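There are 2 protein chains.
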Amino acid sequence: VTAERGAGPVAVFGCGLVGASLAAAWSAAGVEVWGCDRRDLQPLRRRRWIARQIPAEELNQAAVVVLALPPAAVCAALQRYPFRSGQLVTDVASVKAPVAEAALRLPQGVSFVGGHPLAGSTGSGFECARPDLLRGSTWVLLPGGSRRARARVEELVRLAGAEPLTCAAERHDRLLALTSHLPQLLSTALAAELAALDDPLAARLLGPGGADFLRLASSPAALWCEILAANRDAVAGALSAITSRAAAPAETLENDFRAGADFLAQARRSKTSKAR
Amino acid sequence: VTAERGAGPVAVFGCGLVGASLAAAWSAAGVEVWGCDRRDLQPLRRRRWIARQIPAEELNQAAVVVLALPPAAVCAALQRYPFRSGQLVTDVASVKAPVAEAALRLPQGVSFVGGHPLAGSTGSGFECARPDLLRGSTWVLLPGGSRRARARVEELVRLAGAEPLTCAAERHDRLLALTSHLPQLLSTALAAELAALDDPLAARLLGPGGADFLRLASSPAALWCEILAANRDAVAGALSAITSRAAAPAETLENDFRAGADFLAQARRSKTSKAR
Numbered sequence: 001v002t003a004e005r006g007a008g009p010v011a012v013f014g015c016g017l018v019g020a021s022l023a024a025a026w027s028a029a030g031v032e033v034w035g036c037d038r039r040d041l042q043p044l045r046r047r048r049w050i051a052r053q054i055p056a057e058e059l060n061q062a063a064v065v066v067l068a069l070p071p072a073a074v075c076a077a078l079q080r081y082p083f084r085s086g087q088l089v090t091d092v093a094s095v096k097a098p099v100a101e102a103a104l105r106l107p108q109g110v111s112f113v114g115g116h117p118l119a120g121s122t123g124s125g126f127e128c129a130r131p132d133l134l135r136g137s138t139w140v141l142l143p144g145g146s147r148r149a150r151a152r153v154e155e156l157v158r159l160a161g162a163e164p165l166t167c168a169a170e171r172h173d174r175l176l177a178l179t180s181h182l183p184q185l186l187s188t189a190l191a192a193e194l195a196a197l198d199d200p201l202a203a204r205l206l207g208p209g210g211a212d213f214l215r216l217a218s219s220p221a222a223l224w225c226e227i228l229a230a231n232r233d234a235v236a237g238a239l240s241a242i243t244s245r246a247a248a249p250a251e252t253l254e255n256d257f258r259a260g261a262d263f264l265a266q267a268r269r270s271k272t273s274k275a276r
Numbered sequence: 277v278t279a280e281r282g283a284g285p286v287a288v289f290g291c292g293l294v295g296a297s298l299a300a301a302w303s304a305a306g307v308e309v310w311g312c313d314r315r316d317l318q319p320l321r322r323r324r325w326i327a328r329q330i331p332a333e334e335l336n337q338a339a340v341v342v343l344a345l346p347p348a349a350v351c352a353a354l355q356r357y358p359f360r361s362g363q364l365v366t367d368v369a370s371v372k373a374p375v376a377e378a379a380l381r382l383p384q385g386v387s388f389v390g391g392h393p394l395a396g397s398t399g400s401g402f403e404c405a406r407p408d409l410l411r412g413s414t415w416v417l418l419p420g421g422s423r424r425a426r427a428r429v430e431e432l433v434r435l436a437g438a439e440p441l442t443c444a445a446e447r448h449d450r451l452l453a454l455t456s457h458l459p460q461l462l463s464t465a466l467a468a469e470l471a472a473l474d475d476p477l478a479a480r481l482l483g484p485g486g487a488d489f490l491r492l493a494s495s496p497a498a499l500w501c502e503i504l505a506a507n508r509d510a511v512a513g514a515l516s517a518i519t520s521r522a523a524a525p526a527e528t529l530e531n532d533f534r535a536g537a538d539f540l541a542q543a544r545r546s547k548t549s550k551a552r
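Heads up: the protein sequence lines correspond to chains A and B, in order. Counting along the first sequence from 1, when you hit position 44 you're at 44 in the working numbering, and nothing is skipped either side. Counting along the second sequence from 1, when you hit position 49 you're at 325 in the working numbering, and nothing is skipped either side.
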């Protein structure tokens, strides 16, 4: 904890669901956390999730800046803010190729280690934040940055209870199109189609499987439209792959059922072994 | 309870997940339940979920026969077994148009009230059964049958803890294509696509939303291929509707997000009010 304090303050730029949850976890671990947001962060100060609220002009006084913003805002911030040499910058955006691209234009001496914590909820805003939001989850880190910068980011990842995993931006975006963006898109499309039926029985004929499938449909629209737009090529490719599998004659689906069940079992085993 | 006993024995034909769960719930409510299955039902007798195991030839000695079988087996049973006049027959198949059609050829005097309890799990077999599987769920009943037969079936539905809802076969199949069959199909297609990538990171990059979406991928393959085949037209229509929504430019999806979130909120309210 003393070491953490000595490593200098961490500024969280964007104190919504993820930013405020990280602030809470890091503050609890003894890190000095500053918050930066258009909203008044007094509620986070009262909970001691941040030590103080800073204006954007003071971001460059922090040792570490965490851009906890949607993808386009992360890219804009990387281009707009005068980060200083020696500063470590990271982010949490769920689409990484545009972020990696924008980071190429950072001034010399700024260490950038892009990231994506694979957690979240269908809520948004710091009202939905909680210190354990990231606990047990995977936190993707892009390659790059100095060895010292990567060690510091990995330390922060672990202090939030997550497990760092290095993955290149394009591979991340292609995989996330399937593991996250397409589930969101299909859940919303199905819910919208059910709404369009305007049949009073539709809601009552939702079984437990369908309800799980639709859970994501309550996710925040603006953030998700932006994510889907930012990763549109990979999402379109994923949609077309899934659609052609789903359109196959039902009698030929046994292989997909078998392969899919195997994948799911393997995914669950990997979660269990990670949790140990 | 005495009234239940007086109403005559209920034969559950097919003691898998749903059949055995119903047997358990009804036996606990004082109904005399007989089990009929290729498997030895000694484990169900020991738990007192059935009073005895009968061979198929004795099905026509029961007051009520519940065909707790997959859709094609329900249709075959409706055509093959010599149900007797005065007997009440119902089923639990998740596709109703072929069942309603097959029931038209039942002998005069047999009362048929088709049904579909909207519950289940990704497990199968009586090992996964539990008395409360249906508790709080909706149980669709097809129109038709005598008033006395409908009253008896509705009584059995309520004894299992479910709520009866009358819905015509075609409307049921069209709605279920969206609320149940397509979620299953897309979950399996996504899991199979992830398996086909053969990327060791795929399983680790599964967030909480993706994991929920994939939960159905462990459902039993043979049963689901049969359901998807039996409802193929409605499923194909649903797939094409969802696909065209999902293929729209991300910037135009805000309406779908809004409509979808509204539908989900309404569905949750209707579940809550039902549970009261």
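Don't read these hints as lab results, they were simulated from the structure. In this text the structure is predicted, and so the values were computed from the model without any measurement. Ideal placement from N, C-alpha and C gives every residue a C-beta, glycine not left out. Some hints could be false.
One side of the interface only, derived from the structure: several residues of chain B facing chain A at Cβ under 7 angstroms [stated by the list, open to error]: (1) G412; (2) T414; (3) A505.
Facing chain B, a subset of chain A residues (Cβ under 7 angstroms, in silico) [claimed, not checked]: (4) G8; (5) A77; (6) Y81; (7) L104; (8) P107; (9) G109; (10) G136; (11) T138; (12) T179; (13) G237; (14) A241; (15) T243; (16) R245; (17) A261.
A quick look at each hint next to the structure:
| no. | hint | result |
| --- | --- | --- |
| 1 | G412 | violated (10 angstroms) |
| 2 | T414 | holds (5 angstroms) |
| 3 | A505 | holds (4 angstroms) |
| 4 | G8 | violated (30 angstroms) |
| 5 | A77 | violated (21 angstroms) |
| 6 | Y81 | violated (26 angstroms) |
| 7 | L104 | violated (23 angstroms) |
| 8 | P107 | violated (31 angstroms) |
| 9 | G109 | violated (31 angstroms) |
| 10 | G136 | violated (10 angstroms) |
| 11 | T138 | holds (5 angstroms) |
| 12 | T179 | holds (4 angstroms) |
| 13 | G237 | violated (10 angstroms) |
| 14 | A241 | holds (5 angstroms) |
| 15 | T243 | holds (5 angstroms) |
| 16 | R245 | holds (4 angstroms) |
| 17 | A261 | holds (5 angstroms) |
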